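Using the sequences and the hints, build the whole thing.
Protein chains in written order, with the working numbering: chain Y, 1 to 114; chain W, 1 to 414.
Just so you know, these hints were derived from the structure itself, not from any lab. Careful, some of the hints might be misleading.
As the list claims (entries may be wrong) - To be clear about the criterion: a stretch of chain W counts as covered by chain Y if any three or more of its residues have a C-beta under 8 Å from a C-beta of chain Y, and this derived list gives those stretches:
#, segment
1, 259-265
2, 290-303
Claimed, not checked - Here are the simulated distance ranges between beta carbons:
#, chain 1, residue 1, chain 2, residue 2, range
3, Y, Asp18, W, His253, 52 to 60 Å
4, Y, Ile95, W, Gly412, 54 to 62 Å
5, W, Leu196, Y, Asp77, 51 to 59 Å
6, Y, Ile2, W, Asn193, 37 to 45 Å
If you're wondering where the values come from, they're calculated on a predicted model, not measured in any experiment. Yeah, the Cβ is synthetic: ideal placement off N, Cα and C, and Gly gets one too.
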Amino acid sequence: MIKIEAIFRPERVNAVTDSLVAAGVTGFHYQNITGQGQQQGVEVITGRGSQTATRSAVSKTLLVTIVSNDKKDKVVDAIISSTRTGGIGDGKIFISEVSDIIRVRTGETGEEAI
Amino acid sequence: MDSGHTAWMLIATALVFFMTPGLAFFYGGLVRAKNLVNTIMMSFMSIAIVSIVWVLWGYSLAFGTGNAFIGDFSHLGLSGVSFTSSEGDDIPPLLFVAFQMMFAVITPALITGAFAERFKFSTYLIFLVLWSTLVYSPITHWVWASNTLANGTEVNGWLWDLGALDFAGGTVIHINAGMAAVVAALLVGKRRNPGLQSNNVPYVVLGAAILWLGWFGFNAGSAVAANDSAANAFLVTSLAASTAALTWGVISHLKTGKMGAIGVATGAVAGLVAITPAAGAVNAMGSLAIGFGAGFICFFAVEILHKTNMDDALDVFAVHGVGGIWGAIATGIFALESITGGTKGLIEGNVEQVGIQAVGVVATLAYSGIVSLIILFILDKIPGLGLRSSESDEDIGLDLAEHGEQATVQDGAN
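Structure representation (C-alpha cells):
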C-alpha cells in the first residue's frame, strides 16, 4: 500500500479528481494550501502600498490518496496527465509506504480497507 | 424650524453615525485575523460609551457658554436643551446635539488604530470617558462654540474668535485624534510581532467606502442646513477623496510596480481628512489641489513614520494628523471669499489666514498631546489597569483573550 501526496495548481482539482475516479481510486482528500517552491514565494505589497515583501503565499492544492502497489503507476500517470501544463509551478508528487490501514466501521485491515 | 433643513440634518446625522462602524471595518481589515474582533469592538464601544458621556456632560462642556476655552455645566443631562425649536432655529436643538454626538463618537475611535493589537480593553473603556471629556469637548468648544448672553455679549471659542476656518472638524477631529495617536503609540510601545499583511483587504475597502459615504453627512452636514454651502461641501468632499486615492495609487505603482487596494483606500481616507476643514471654503478646483496634496504628503508620511521607533499600527498620525494639518493649512491657502462668505485665502491675497490656520493646528497639537499624555500616563499607573495587554494575550490574539470570540470559526470547530 502506498500513499500518494500530490501538490498541484488549485484550478486543476476537478480534472485530478475525475482522472482518479477513472483510474479506479476509491477515496482521496484534498485541501488548499500555501507555500513556496523553487519560485521562492510571491511578492506582496505592505506598508499601505509603499513597500513590498516576499511571502510563501503561492496557492496550491494538496491531495492525498492511498492505493494498492499495483495501481501506483496508473494513479501517478492520471495525476500528471491532469495537472501538467509544462510551466513553472506544476507541483510535485510524493510517494511513501503505508504500513497499515484500518476501516473504522468494520475493523478490516490492510488492502481490504482501501 | 425648517423641515427641509431638518430632514437633511437627520440624514446627515445617520450618515456620520455610520462612519464609526465603517472605521471599525477599515481598521479591522488592516490588523491580523486574531485581533479583528477586538479592533472592531474598539470602535463599536466608542458608540456605546461616548454617546452617554455626550448627553450627560460632554455636550455641556463643548457647547455650554462657559468661557473662550471650555463650556460649563449648564446643560448637564441636556438640561436647558429645548425639545421645541425656538423662532429662528433651522433645526431642532436636539438634532444638533445628536449630530455633534456622532462627531464625538468617531474621534476617539480614530485613535484606536495607533494602539491596535496590544491595548488592554478595560483600560480603553475608561480612556474613552476621560479623553472625550478632557480633550474632545474643550477643543470642540474652542472651534465651534458660539453663545450669546442675555445682555447681548457673545461668548465664543477662542479659535472661532480668531477666525480659524474649520468647517467640519479638521482640527477638532483629525489633528486631535492624530496627536493623541502619537502619544498613545509611544506610551503603549511597539507590538511584539507586527504582521506585514492585512487580514482582509475587502474589509479595508468596504470600510473606506462607508467612511466616504458617511463623510457626505460629516462635511455637507456641517453646513447645518440644506443649502448652497452643503452642496459645495458634498462635491468637494468626493473630489478630494478621488484625487487623493488616485495620487496614492499612482505613487504606489511607481514605487512598487503594483497598485494595491489598501493604498488606494488609505489615499481616499487621507483626501477626506484633508478636505474636512476646507469643505466650506474651497471650490472644486481647490479640492483637486487639496486631494493631490493629501495623497502625496500622507503617502510619504506613512513611509517616514514607519522608519521611526513609534509603532502607530494603523498610521493614524500619518493619515489623520498629517492629512489634517495639510487640510488646515490648505484651507488657508485655497479659501475663496465667495464660498466662505467673507474670509479670503492665500490665493486671494490673504496671507494672514495661513497663519491663523497654523495657530489652530499648533494649539490643537499641543493641547491634545499634553492632556492625552497625562490621561494615558495615569491610566498606565493605576493598579489593575495599565495600557498594555499581557504578553500571552497579545500572542494569543486579543479576540480570544479579551472577548472570547474569533472572527471566523471553521465548521467542525464550532
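Okay, the hints, checked on the actual structure:
1. 259-265: holds (count 5)
2. 290-303: holds (count 3)
3. Y:Asp18 <-> W:His253: 52 to 60 Å: 41 Å, violated
4. Y:Ile95 <-> W:Gly412: 54 to 62 Å: 29 Å, violated
5. W:Leu196 <-> Y:Asp77: 51 to 59 Å: This hint is violated: roughly 42 Å between Cβ atoms.
6. Y:Ile2 <-> W:Asn193: 37 to 45 Å: With a Cβ separation near 40 Å, Ile2 of chain Y and Asn193 of chain W satisfy 37 to 45 Å, so the hint holds.
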